[in-house]
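J.: What follows is each chain in one-letter form.
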Amino acid sequence: MGDIQNTDNIESNIDNNNNNNVSLESSSSSQNNNTNTTTTTTTTSVDNLQVGVLSISDQSTPTIETPNQQQQQQQDDNNRGVSNETIKASLDGLKHNSLKTTFPNSTNHQYIDVNTQWITNKLKERESEFTEKRGMSIFLGTWNVNGKKPSESLDPWLKDPSMSLQPDIYAIGFQELDLTAEALLLGDTTRSLPWEQHILNTLQGDYVKLLSKQLVGILLCVYVKKEHKPHIANVQSDIAAVGIMGMMGNKGGVAIRFSFYNTTICILNSHLNAHMDNVLRRNQDMKDISKNIKFINESSTDHSTINIFDHDQLFWIGDLNYRIPLPDNEVKEKIKKKDFYNLFLVDQLNQQMKAGAVFEGFQEPPISFAPTYKYDAGTEEYDSSEKKRTPAWCDRILWKTHKKAENVGILSYKRAELISSDHRPVSASFVIKIKVVIPDSKNRIYQEIVKELDKKENDSMPDANISTNMVDFETIKFMQPISKQLIFENIGQVIARFQFIPKLDETILCKPWLKISPLAGMMIPKEKVTIDLTIYVDNLTSGLFNINNNSTNSTNESMDDILILHLENGKDYFISISGKFQKTCFGNTLDNLVRYPHPIRNNLPIPPEQKKLSIPKELWRIIDYIYYNGLKEEGLFIKSGVTKEMELIRDCLDTAEPFSSISFSIHSMAETLIRFLESLVEPVIPFNMYQQALDASSSPLSCKTLVSHLPSVNYNVFFYLISFLIETLSNQKENDLKPDQLAIIFSTVLLRPSPQSQLSQFPPDATTVKKKADLILHFLISKDLIN
Amino acid sequence: MNNNNKIFQFKLVLLGEAAVGKSSLVLRFVRGHFLDYQESTIGAAFLAQTVCLNDTTVKFEIWDTAGQERYHTLAPMYYRGAQAAIVVYDIRSEDSFERAIKWVKELQRQGSPNIVIALAGNKLDLAAKRKVETAEAQQYAEENGLLFMETSAKTSQNVNELFVEIAKKLPKTPTTRPGSGRVAIAPIDNGNTGKKNKCCN
Ligand SMILES: Nc1nc2c(ncn2[C@@H]2O[C@H](COP(=O)(O)OP(=O)(O)O)[C@@H](O)[C@H]2O)c(=O)[nH]1
Ligand SMILES: [Mg+2]
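Chains as they are written, first to last, in UniProt numbering: chain F, 1 to 787; chain U, 1 to 201.
For the record, the hints were derived by calculation from the structure and aren't laboratory data.
Since we're looking at a predicted model, the values are computed, not measured.
We put the beta carbon where it would ideally sit given N, CA and C, even for glycine.
There could be a bad hint or two in this list.
If we take Cβ atoms under 8 Å as the criterion, some of the chain U residues that face chain F in the derived model are [said to hold, decoys possible]:
id, residue
1, GLY43
2, THR50
3, ARG109
If we strip away everything but chain U, and leave its shape as in the complex, we get (with noise of 0.2 Å):
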């Protein structure tokens, strides 16, 4: 059958430490460029990006969000009510691992209660310099039920593979409903109003 079938529509939140590359996978996925000075975000930036899977489409409402310390306790207002999240790191660097774990816990405490998580090792072009073990951060996926990939925003190594692991992971109940997280006061969730119509009988 025909694949122009309904759109699903799902909010994706980037989180990580500063300077690990969230923005710039963003931008690598959404507009297939990179920057070497990529300016760093202080507050949030909202990018929308669809994914063409076999049976389905999947449109991301993705929101990367400010990595510094001091923002933190702003986080939750944008990964509340986000139906998948990539937590970034830097293979180069064991605190932003570290700090992607923590991360990870804050989202299975206080996230969505299904979230799909994606924990992403990102400049993978830079893995001379690697201190975090591809072994260590994929057992600690597994364990954790994560998507784990190792990404280039630079090369784009892994980048759309992991928007589409992430897309495939989503559950397509007909409930999902293109709720947009961009109304009026936009990262507070909304709470998907309106309803999926049924075809009439």
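This is chain F alone, in the form it adopts within the complex (with noise of 0.2 Å):
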């Protein structure tokens, strides 16, 4: 890329209008004469820049277009004042300036440490405990260097001989360091690269570049000494350009922040718009360079941003620009009589701070220097040319303090007699109280925060007490649903939230013969909850307990469960369940009853190699019962029992008692007759000739061709009991029984689909009730069917 020697002239560029063009185009390429063009009208601005505006503003808006485009586009505008792709081209320079971190869009979810970010926060709170103040210098210098390279000695402003130390940190800030169209459109930064060295140079290896961050002229350095270099952390950087819709990077700010021990700096540089009238517009850039620079907040998880206010120490250095409002000659003269005190109290920039329109906040040291605007380049006269610019103190050095952050000492605020530029070199130096972390006393209110983290969240659980962890149910009759209560109480400071929950790798709750009520809830502190636990065995559930093929052992009539009551948050509390099974003919296999010779409530083991008996002993009691009492008893197996005496009656035949020793009536006995029927873990007629049966049940013939076809134990109680039934029907008469009445009765219990079959519908549909009740009906007309 060429260079353009001569931007050093830009401002006599304009003034003299007609040597404009020839002095650019006198320097290199036709591409560079091409934006040569442009850059005149645009970064001529330093004292003219509504000419820039104007000229832009006239232009359509700019289009997107890809660089190729641009490039030809740019051949053919040649010459042509300033065209659309010079904005885009300079937008393009900016977006490559300004290339940073996006920040990420609040909106969108994402995992937030709270805990860390509040553990964090308190950390913070505490900070004064575990930090010491330690004076540390900072060294601010800023210089409008008006495109120079630089030339001379920088000892006479960096170097202070009145510090009798090093300062810990130098902050240099440079404007219109390059006025080169590169610099402008295309976010070149190679001219700061001499001026970084000389600084270097100047500083002589004892400090360290913490970084560098130009926006085209604005250029901001900051160097520590070495020693501090390990407690530095955090260190961003960003730009922020103000002028043409925001994007002309002429004018603007660079800012670098980072935490030095433990305490946060940012150093702002920044050149405003210029010009005697342009106050409006300078406060107006200061607003907007603060609003728009943003740093990530390291400290937080969430990403969230600050900006150069959330720091314990800014600085805010530049060229603001803001002149005095006098005339020429009298600003000349009060200079000569250092009456700067007069000079002062006018200046617009001490105006517009007292008048609370710009750098609320800021303080400045008190000004005891010459205005360092506008000399003859190279020497030490005031502007001397046509325009005769009324000196001013463009170049400043302000600073504010967090609220809870100490002030600062000022040790000195003056210019340095640097003579190339238009500008002389500005310098402050400040004596800064750094919190330094006191790592042990860190480490132990780091572990007071977290205790009392843990404390607060351990307090904060749900606690609550439990009547008993054991409920023992003790003997559980068949049919014969008994409840126990559990008090719950909320012991505890909070709402509790209980559930009970399966245990691990299971769906259900409990076993299935145990309802529990209620499942979940909550109490209110001190609150007490009645949790009730029902074991009920009916015929589904009796199966688990009874007297059963593979045991030898007859030990399973006990009831055991471990219920898992769980709160929210909190402990989880275990139940133990235990009951023990009263034994019942009840709910077995025709099977293991033929196979059983002893009373059920023996509680002994089916013998082995036991003759099996033709049918169960107690289906045989009942019947010889009925058939001896009650066949002539109006409404036999019509009127209900009484449950009383049918738990009566059970318990005769379970331990083999003789009826004798109990009264009821013979209803009940008859209504016994189908419960156990009914309660057959398997019916007369097995599942697995459910269908079989009902396809039979419209003819005769198929009936009696299925009945043969029945286990022999089934056979021998279906015979048994079709025989009593039709004796039954044989004393009409008297009993008034109906065989279609005794068939719909007996075919329900004798015939039933297995429990897990889609065939078990309830209430079964009437076609079904009709052949199962046809099937049975058959037997007891027909008598000569079963034989």
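Since each chain comes alone in its own frame, lean on the hints to assemble the complex.
T.: Written out as structure tokens, the structure reads:
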């Protein structure tokens, strides 16, 4: 890239418009020519920005194009004042410059570690307890170099003989460091290199560069003493351009922030808009820059951002361009008399700050030096050109301390007599209180915070008391529900939500014979809840406990379960359930019953090699009783029995006690017969023959065939029962029974689908009921069907 | 650098025969006190406690379990998904030491693959009635890659140390996330859903 050698003459070019093109065209390649032309219009703005603004706003809005098109068009547009493409290019240049962290959209879902966040905040609150203040010095310098390259020694500016010790931090800002088109349009920053080298040479090896950041002509470099390097963290920079549509980088600001030990420091170097009349513009520039510069908040986990004011120490330096609105000769007169006080009274920046219109909360050290602008470059004379610009304190250094931070100590505020530019460099030195962590104290406080959090967390967990962890139901009888109550009491400080939960890898909460109510609930502190536990063993569940095939010992009568009562965010309570099932002839299989010679209650195992009974002895006892005592009873099997009496009958059956020991109505015995048949684990006509039976029901012969295929015990029971029913019907005159009534009653218990089968629907449909009844009815009316 | 960095969260379960001092150890560690008549745990209790190491912070979600044999089948609910376990025995009881060894084996077989197991011989204050020799337990622990410490919940000897050693040994991978063992139906491992979000670049 060709340099434009004569940028230092830009202003005179403008003043003397004829020379403009000549000087630029003399520089180099054709493409540069092109950009040069545009540069003239846009960057000459040091004093003539409005020219640029106007000429650009004459053009239509920028459009987005590919770089190739852009170049091509630039060639075509050669010699045109300012083109869309120029703006576009400068936009690109800025984008390139402003490449920085993209801030995440805060509305996106993200996991936020709130605990860590909370601890970090708490720690910050107690910072003073684990840090000590140490005075450190910071040197800030600002110089508008007017596009000049380094030519003089920087010692008079950067080496402050009044400081006994070397500054701990150097922050050096330049403006108009680079007035070339490349800087403005392409983001070229090579011009800064010789300056940075020059600074490093001046600082002589005791310092390391932290970061430098450039926005076109605005450069900010921060250096720290080597020994401090390990105590620096979170170094970030950002830039903000102001001016034409907020994107022409010839005016704007560059900021660098970092943590210095435990103190956060932000330094901002800006070049605000020029001209005596542009006070409000400058005020706005300052506000725009402060608003647009952002950093990532590294101490938070939620990617929030912070701005320049979120720092313990903020320094704002630069060519702020505020002027002294007095006649030129009057100003010069006062300068001669060193009457800076009266000049300062009317200084625009001073006025604006006093009015609260800009740099709110900022402070500036007292000025005791002559205005730093505008000199004839290379001389000690104020502007002698036709324009005779009134001298002004354009170049300033301000600071602002965070509320809690201690004030800074001013060591010096002065200008240095370097003459190569039309501005004089300015510098200020301060002592600032730096918070230095005392590691032991910090650890202690961190632990205190964490402990406090743990304690709060543990204390805020729900706690409850349960009346017992063991619920013994003792003896549980068939078909006789037993309930027990648990009292669950909230003894904690917070609402307790509870819920019974299944054991690992299980889906059911408890055994099928147990009912829990309620399964879940909540209690406010001190509240009690009664939890009902009910055991009820019915036909479906009794099979689990009764005599069964493979159990050689018959200890399976014990009913055990463990319930897990879970408190949300807290403990689990185990509740052991125990009980002993009283065995009964109900709810067994026919096969087991005929192999069991003892009273069921004897609780003995099924004897091996036991000769089978032809039918269960209990069935025989029931039918035998009815046969001798109730055949003529009116409403036999129609009227219902008495529950209590049926329980007694069941006890007699299970203990082999004679029925004579108890009293009951015949209807209780009749219903016992039906209930007994109903309770069989598998009905007399087995599950696997259910469908066949329905199919056979239309033909007596098919029914006969079906029954002949029953397993022998089932056949025996069927035969015995049907014979008994036929006998019952022979007493029709007395008992008034109808065959179809009996058929319906007994078909429902003799013939039922497996509870797991799809066929088992309740209530069954009418055709199925009819088919079942038909099957039994055939046997009741054709007496020779069974033989 | 400062140590207020990430907090690593781990689920820790205490196992061991009833009355060896599991609950007492937790109580000593978390609340700093000791009860002569510690109510026996019938269920599982949850407490949280954080350990600050030099460079990291480890937060334990502690599940104290019931030691009674009748609840043995429920133990996997609590050790499943646990990254650390303390298996406790009473130095006065060989049976409790045998039981501890069984727990260690069960954990090695069915616990999380990289579970950090610590063996704790508790009631060190009653060393006069010691039945399990330190060397014996020490050797077993070494052979099985366990941390080992003799502790006293009563005098607090080695209690913090025990948890600190575990905290040190736990891997601080960036994927260790504050996954709570206490969501809804808590003890069932919830597979640590949320993902660690790395800083935007
Ligand atoms: N002397 C002594 N007693 C202890 C110690 N730890 C627990 N105990 C007592 O041992 C009994 C059982 O303790 P506990 O914590 O309930 O045992 P857990 O069933 O394993 O939870 C309680 O009476 C405790 O006071 C210890 O270190 N020393
Ligand atoms: Mg316990």
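J.: If a hint holds in the structure, say so; if it doesn't, say that too.
T.: To see whether the hints hold, each was checked on the structure:
1. GLY43: 4 Å, holds
2. THR50: 5 Å, holds
3. ARG109: 15 Å, violated
In the structure shown, a violation is registered for the earlier hint numbered 3 alone.
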